[in-house]
Amino acid sequence: MGVFVYLPLVLPLTALPMARLAEQHLHPRSATRLLAAVGSTLALCSTLCLALLMVVGTAQLPGNPLPDGWSDPEVRAAVPYEEKAGLVAIGVLGAVLVACGGTLLRHARTRIRAARALPGTTGPGATGDLALVPSPDPYAYALPAGRGRGGRIVVSTAMMDCLDARERDALVAHERAHLTGRHHRYLLVTQLAARANPFLLPLRTAVAYSTERWADEEAADAVGSRRAVATAVGKAALFSHRPPGPAVLPALAAEGPVPRRVAALLDPEPSAGLWPPASAHLALAAVTATAGTAASALSSLNATVTLVGILHAATPL
Amino acid sequence: MNRPTGTDEGGTGDGRRLPRRGQGQLESQVLTVLRSAGGPATAGWVQEHLDGDLAYTTVITILSRLYAKKAVTRSRQGRSYTWTPASDEAGLAALRMRRVLDGERDREAVLARFVSALSPGDEARLRALLSRAADDPGDPTAPEGR
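Protein chains in written order, with the working numbering: chain Y, 995 to 1311; chain F, 9 to 154.
Treat the hints as calculated values from the structure; they're not laboratory data. Keep in mind that the hints are not guaranteed to be accurate.
Pairwise CB distance ranges (calculated) [unchecked claim]:
hint: 1; chain 1: F; residue 1: Ala136; chain 2: Y; residue 2: Arg1014; range: 40 to 50 Å
hint: 2; chain 1: Y; residue 1: Ala1102; chain 2: F; residue 2: Asp110; range: 11 to 21 Å
hint: 3; chain 1: F; residue 1: Arg73; chain 2: Y; residue 2: Phe998; range: 50 to 60 Å
hint: 4; chain 1: F; residue 1: Gly47; chain 2: Y; residue 2: Glu1263; range: 40 to 50 Å
hint: 5; chain 1: Y; residue 1: Gly1095; chain 2: F; residue 2: Ala142; range: 19 to 29 Å
hint: 6; chain 1: F; residue 1: Ser72; chain 2: Y; residue 2: Ser1265; range: 58 to 68 Å
hint: 7; chain 1: Y; residue 1: His1306; chain 2: F; residue 2: Asp110; range: 51 to 61 Å
Because the structure is a prediction, the values reported are computed rather than measured. For glycine and all other residues, C-beta sits at the position ideal for the given N, C-alpha and C.
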């Protein structure tokens, strides 16, 4: 295994150029799926290698679960082990498990609490999957389907009030696209991946953005007007915006996701094809990400096979 | 926009047993019954008019919880209280939703919101984009009189 077992821990960095470029050049649907797949693979490999490091590094600690044959000098010579790395790996693996568990727990809790807060599907203020909540705070979101209940679209009256009829349709179509496309799964997967390896954080941000863009495109299809969706997004954001404290020169501040979404909607519809790549940069980024993911998968597979092989040889069975 | 779906959370009288019903749902039911009273009502009256087999103490507990949320008011009448709804059910939903939205750190990952917060400078960019959209006659499907 050697140094290769450390590779999957840093190889997620190879996906970052792709995360940056995908949102500009790919159809948001492809971008979401691609980045989620790449991110989850990289995260799995990275976690697997952490586990292997832990097993190998802690082999000489008393009370480890490895077979006795493991401490044979021959076996020890065959496996480059590092006690310090093993101990660190225990801590890191524990932190990853706690972080992922916490994320899952919070995810479930938020969904349950939000579902409870809503009036029933037949109650006042609710019709079908759309729940209109009388509230002066402008908000709108999609609540994914759970056990025994369908997905819901929650919109506050304040949010509805700031839009015209066509924009309201666009808003509801956008949220409905989140529900039918099950976008929350991509979000959850990439969030867990980012917890498993913080190098994947930019990937999570990119996926969050692409799912919004994806829903924007679906909404534009549904209402038949890209501009209605653009103005709905823009108006809703301006209306929800609380005047900021410190004034920053517009040119200095990074452009947030909302203006990028509106600009993308005012541009022509992106093409859905994955090939050919829209630019040489994108092609290079795709090759890097693919190579990184493949290398990550191969290194962790190689390390696993080696370890299992040695375990087999060392076990008298 | 109001597409009916086959899903139904079963607000009232669907025969599901007590533990299956959420806290919020019970509160909504009690509040609905209380509103139908058209005036101050006792907990016993509420219990009678709730379909389901809620214990008297459960009704009291729910009423007290609603009272704590300022969703009902109460006044002492003899040895017990009479209860009056202070806000309607939808208002209560708004209250609970506010708490969910305020309370969860990672809610963005679960509840994909329509728009995220604007960064400084975004506002000016957005206004420019929107006025560009308003001036541009290129979209034949745009509604008139916007």
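With respect to the beta-carbon atoms only, verify the hint that Gly47/F and Glu1263/Y lie 40 to 50 Å apart.
-> violated, 58 Å
Cβ-Cβ distance between His1306/Y and Asp110/F: within 51 to 61 Å?
-> Holds, since His1306/Y and Asp110/F (Cβ atoms, about 55 Å apart) stay within the stated range.
Regarding Gly1095/Y and Ala142/F, is the given constraint of 19 to 29 Å on their beta-carbon distance met?
-> violated, 49 Å
With 11 to 21 Å as the target window, see if Ala1102/Y and Asp110/F comply at their CB atoms.
-> holds, 19 Å
Just tell me: holds or violated, for the beta carbon distance of Arg73/F and Phe998/Y against 50 to 60 Å?
-> About 58 Å separates the Cβ atoms of Arg73/F and Phe998/Y, which means 50 to 60 Å holds.
Pairwise beta carbon distance, Ala136/F to Arg1014/Y, judged against the given window 40 to 50 Å | violated, 24 Å
So the hint says 58 to 68 Å: do the beta-carbon atoms of Ser72/F and Ser1265/Y match that?
-> Holds, at about 60 Å.
Of the numbered hints stated above, those contradicted by the structure are hints 1, 4 and 5, listed in ascending order.
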